[in-house]
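Novice: This is what each chain is made of:
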Amino acid sequence: MTRLFISLYRYFKAHKAVFYCILVVSALVFGYFATKIRFEENIAALLPKTEKSSDCDIAFGDIRVKDKIFLQILSRSGNMTPEEIGASMDEFLEMLVSRDEKGLIANTFNRIDTDDIMNIVYYGMGALPNHIDESYYPVIDSLLTEETFDDIASGNMKSKLTDLGGYTLVDGHIFSSDSTVALAFITPAFSSYDTWRGTYLEGLMTRCVKEYEAAHPDCEILFHGVLIEGVFNSRQIKKDIYWTVGISLLLICFIICFCFKSKSTLLHIVLPIAYGTIFALAIMYWVKGVMSFMAIGIGALIMGAALSYCLHVLTHHKFVDDVETVIKEQTRPVCLGCLTTVGAFSGLLFTTSDLLKDFGLFGTLMLLGTTFFVLAFLPQFFTEGPAEKNEKAFRVINKINSYPLDRNKPVVILMAVISLITIIESRNVQFDNDLNNIGYKEPVFVRSENIYNEKVNGNWYCQYYAAHASDLDSAIIYNRALNAKLDSLKGIGAIHSYSGVDGILIPFEEQQRNIDAWKEFWTPERVSRTFNLLKKEAAEYDWSSTGFDIPETFKLMAESDYEPQSLYDAGVVPEALLCNFVENNEDGWMVFTGVLLDRSKLYELNDEICATPHVIVLDPFYYTGDMVEIAHRDFNIVLLISSIFVFLVLLLSFRSLAVAIIAFLPMGLSWYIVQGIMYIFGIQFNLVNIMISTFIFGIGVDYSIFVMDGLISNARYKTHRLLICHKAAIFFSGVTLLIVTGSLIFATHPAIYSVGISTIIGMTSSILITYALQPMLFRLLLKSDYLRKKALRIK
Amino acid sequence: MKKIIAIIAAALCALTMNAQDSAQIISKIEKANSSSRTVRENFSEVMTPADKSLKQKKREGVFEYKPDYFRMDYTNNDLFLIENNVMTLKNGAATQKFDLTKNLMMKGLSNTLMYAFQGQLTKLAVEQNADITASRDGNFYLVTLKAKKKAPRGYSQIVVYYRVSDCMINSMRMDEFTGASTYYSIAK
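Sequence lines, in order, name chains A and B. Per my numbering, residue 10 is the first one in the first sequence, and the count goes up by one each step. Per my numbering, residue 18 is the first one in the second sequence, and the count goes up by one each step.
These are computed hints drawn from the structure, not numbers from a lab. Any given hint could turn out to be false.
To be verified - Covered by chain B, per the in silico footprint, the following chain A stretches (three or more residues, Cβ under 8 Å):
hint: 1; stretch: 129-135
hint: 2; stretch: 255-262
hint: 3; stretch: 320-329
hint: 4; stretch: 573-583
Claimed, not checked - Simulated pairs of lysine to any residue, SDA-like, Cα-Cα distance not exceeding 25 Å:
hint: 5; chain 1: B; residue 1: K167; chain 2: A; residue 2: E595
hint: 6; chain 1: A; residue 1: K544; chain 2: B; residue 2: K167
hint: 7; chain 1: A; residue 1: K544; chain 2: B; residue 2: A67
hint: 8; chain 1: B; residue 1: K165; chain 2: A; residue 2: M134
hint: 9; chain 1: A; residue 1: K528; chain 2: B; residue 2: D95
hint: 10; chain 1: B; residue 1: K165; chain 2: A; residue 2: E529
hint: 11; chain 1: B; residue 1: K72; chain 2: A; residue 2: I129
hint: 12; chain 1: B; residue 1: K140; chain 2: A; residue 2: M127
hint: 13; chain 1: B; residue 1: K167; chain 2: A; residue 2: G580
hint: 14; chain 1: B; residue 1: K69; chain 2: A; residue 2: L275
hint: 15; chain 1: B; residue 1: K119; chain 2: A; residue 2: K544
hint: 16; chain 1: B; residue 1: K69; chain 2: A; residue 2: I129
hint: 17; chain 1: B; residue 1: K119; chain 2: A; residue 2: L542
hint: 18; chain 1: A; residue 1: K528; chain 2: B; residue 2: A147
hint: 19; chain 1: B; residue 1: K119; chain 2: A; residue 2: D578
hint: 20; chain 1: B; residue 1: K75; chain 2: A; residue 2: A667
hint: 21; chain 1: A; residue 1: K270; chain 2: A; residue 2: M127
From the three backbone atoms N, C-alpha and C, an ideal C-beta is built for every residue, glycine too.
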């Protein structure tokens, strides 16, 4: 390998035109295809189906009810009347819809009009018997008395039509039950997984809110929903990455320029990483065409690993004038480091998670591309002769590096004790498989959710379920079974309450039974008796002034013929309201039921409720919980395979079992130390930050390979030069990576923050083990003549 | 025996011919009313409540219609207007507007009046879920629509007379299941 790169160096040096041609053309080709790759921002879409979700084969992207946006208006001072708040809601919605030039809003629903009520009455007149269960007739019969009719006529038994569970109606507007918050439901004309349109709609709504609130200071307007959450999540990821990684890169540039005393050093660092990145993206485009945006974000860590190879070569050149010597001394450890790091990353390719696969493939390709550039192209930019550097800075670095940490007994003992404790505790580390906990929620979003939960749901958690079938009548039948299950759960206090359309969407067969029961109940004698009672009340309370002949209407209703009808097809319920209860999409028909329950019992209740045939939870994360568990199990297996691969490579390279074990130590130990420290500080692993463990492996083994190479050179040639070079490069690499990863702890997004914390812990332990334990153990190894000869390959 | 067969055959023929006549009359009326012209005529209206002890309500005025437009201006300033899918009802001082794309009850009422006045008989029969028959009665065509089943809303029967000369509406009686009825008479 060394001979290959030296040959390449000599050839390119003699044929500069060929060198620049190959460099520029390859960069252009990779760059072009890199720009064509598409990024996926929805984490649930990147997890494969499991047996649980495959049973129903539902594509959550097609379910529209989950996309609904909840809009709320309330008075800041509490002085606005409900009528004024209702009118504000009308005005705001009108403003919002009028500015929706792209047609992103399918419909809005915030009131029940006179038209809607008339439609319900109209429908009811023609279908009332269909909805009365036969079990109600004994109760109805008991109410057919003069006293009851008197009470109704005199207004004592006023209809409770305005009380609708957690809602109420004020002047036709939908409010929370305490009439303080006006509510509206906005249905987008696209899926919540379409983050581009979602971002646009959120932007439009935010602008309208700001404008309306400025003109009406007492109005507070809030909104939330799955779609809005996705937009905020995506925005925060980008913001955090731009700021944290951006600022930390500026700091690193300053340090590099200061220490290397050459502006071209920055170019020498950026070029290989940029080349590696576009190479990786181009291959990803050819292989997959799409990749996770989150994998790119976490990929900033991979850039750190790639950066360390650049720094090793550049730093070495500061100590060695001859470029061929730099290549000769760097090729082996750089290639070995690349191979073992790639081995760590490529293990992720064997997981079942697209997110982890994307990260593994991207990492692998990027490292390969960068390493090739560093060894084949970068040396062409070096000048022969002494390289300029900040002597004072390098002296300080060398002084730090030369501190004999491995000979400081208290430090070594402390490290050993910490290692032991954390290794023991590592098996207790928790894995959080709830993807909801690694999402970001904007404070204003949380406020909106909290108000809705308090005012409408009574602080209970609301979970929606869907009964599904290929036709509506079957879906209604399955919904019946679901409601029976919910009824029994409510009876034992397992759930607080549920609301659905069980009472108004009735299967045709049951409607016919109800119609037959109606016919049987209204005998001529009963009709005549009731008719006479109504006539008496009509005369007493002057019902003729209403324009309706109520007694005659009743008689007509009692004696008419009825047949089963579809409320859905009757067009009686406004579409904007109906879509909350029934949906028809490519997967068939769904009938929804909302359940208020204790969130702490969510998962076991979901399992129990979904045991009902043809019922699913309207929460893709319920199904991804399994997927995340699978990803976690996959990962442990992959970690083992990667470890074996890395160890074998070390063994083949160093050709000494003892040396291979010592070189493997930072990688092996640091992983357990990370887990132990995370458990002690109560930090959980999740799908996102567990990916960085591969990075810690990669860095750990890189550092240990370079230090081991330096230690072997020390022992063989009795010179510290190589170790000094390697340690200086490790210093720069460590500092830059700690700055980049350390900056992530300033991120607001929980997933990005968790990556920062776990990476700092992992990297620090890797460096300390490499600087302290590894030299100490190598020194012990050299005391054995046999092992010394094996390690130094002395015959 | 031969006489009996002949009588049965004659009766069947008569039935068939009547059915053919009925369909022909309906088709003729629909065709005559299919143009886009505007029609404007005087009319009178009598509403009889189900309770026969109560007084009838009588009004008169001018009606006007063209495709997708129907207006009844009463001499007492009441108004019934259907335009651009909006129904406007003015009764005395109160004016109500109904969005016919949303309000099913009013849409049914407006369709019934429009179809009957404009001679769109097939659509009227579908709207009312009624059986339709037509026959000649002197200088008029008598069209009868009878509800297929008893229902708590809508009309049990609608009887419309169209002039043979021009197939325009002459009079209409709309009987509700409750026993109330409304009678329109058009003065030429």
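Novice: For every hint, state whether the structure bears it out.
Specialist: Tested hints:
1. Remark: the stretch 129-135 of chain A is confirmed as covered by chain B, as 5 of its residues place a Cβ nearer than 8 Å to a Cβ of that chain, reaching the required three.
2. Counting residues of the stretch 255-262 of chain A whose C-beta sits closer than 8 Å to any C-beta of chain B gives 0, which falls short of three, so the coverage hint is violated.
3. Beta-carbon proximity to chain B at under 8 Å applies to 0 residues in the stretch 320-329 of chain A; the threshold of 3 is not reached and the given coverage is violated.
4. Evaluation of the coverage hint for the stretch 573-583 of chain A: fulfilled, as 4 residues show C-beta separations to chain B shorter than 8 Å, against a requirement of three.
5. For the hint pairing B:K167 with A:E595, the CA-to-CA distance comes to about 39 Å; that exceeds 25 Å, so the pair is violated.
6. With a C-alpha separation of about 22 Å, the suggested pair A:K544 and B:K167 falls inside the 25 Å cut-off, and the hint holds.
7. Distance check on the hinted pair: A:K544 and B:A67 sit about 13 Å apart at the alpha-carbon level, within 25 Å; holds.
8. Taken as a hint, the B:K165 and A:M134 pair is honoured in the structure, with Cα atoms around 17 Å apart against an allowance of 25 Å.
9. With a C-alpha separation of about 41 Å, the suggested pair A:K528 and B:D95 falls outside the 25 Å cut-off, and the hint is violated.
10. A hinted pair counts as satisfied when its Cα atoms are at most 25 Å apart, and B:K165 with A:E529 qualifies at roughly 22 Å.
11. For the given pair, B:K72 sits about 31 Å from A:I129 by alpha-carbon distance, which is inconsistent with the 25 Å threshold.
12. Note on B:K140 and A:M127: the hinted pairing holds, with a Cα-Cα distance of about 23 Å set against a maximum of 25 Å.
13. Only pairs whose Cα atoms come within 25 Å are accepted, and B:K167 paired with A:G580 is accepted, the gap being roughly 22 Å.
14. The straight-line distance between the Cα atoms of B:K69 and A:L275 is roughly 101 Å, outside the 25 Å bound, and the hint therefore fails.
15. Annotation: proposed proximity of B:K119 to A:K544 is violated, straight-line Cα distance about 33 Å (limit 25 Å).
16. A hinted pair counts as satisfied when its Cα atoms are at most 25 Å apart, and B:K69 with A:I129 does not qualify at roughly 30 Å.
17. A hinted pair counts as satisfied when its Cα atoms are at most 25 Å apart, and B:K119 with A:L542 does not qualify at roughly 35 Å.
18. For the hint linking A:K528 to B:A147, the alpha-carbon distance of about 23 Å falls within 25 Å, and the restraint holds.
19. The straight-line distance between the Cα atoms of B:K119 and A:D578 is roughly 14 Å, inside the 25 Å bound, and the hint therefore holds.
20. At roughly 113 Å between alpha-carbon atoms, B:K75 and A:A667 are farther apart than 25 Å, so this suggested pair is violated.
21. Only pairs whose Cα atoms come within 25 Å are accepted, and A:K270 paired with A:M127 is rejected, the gap being roughly 82 Å.
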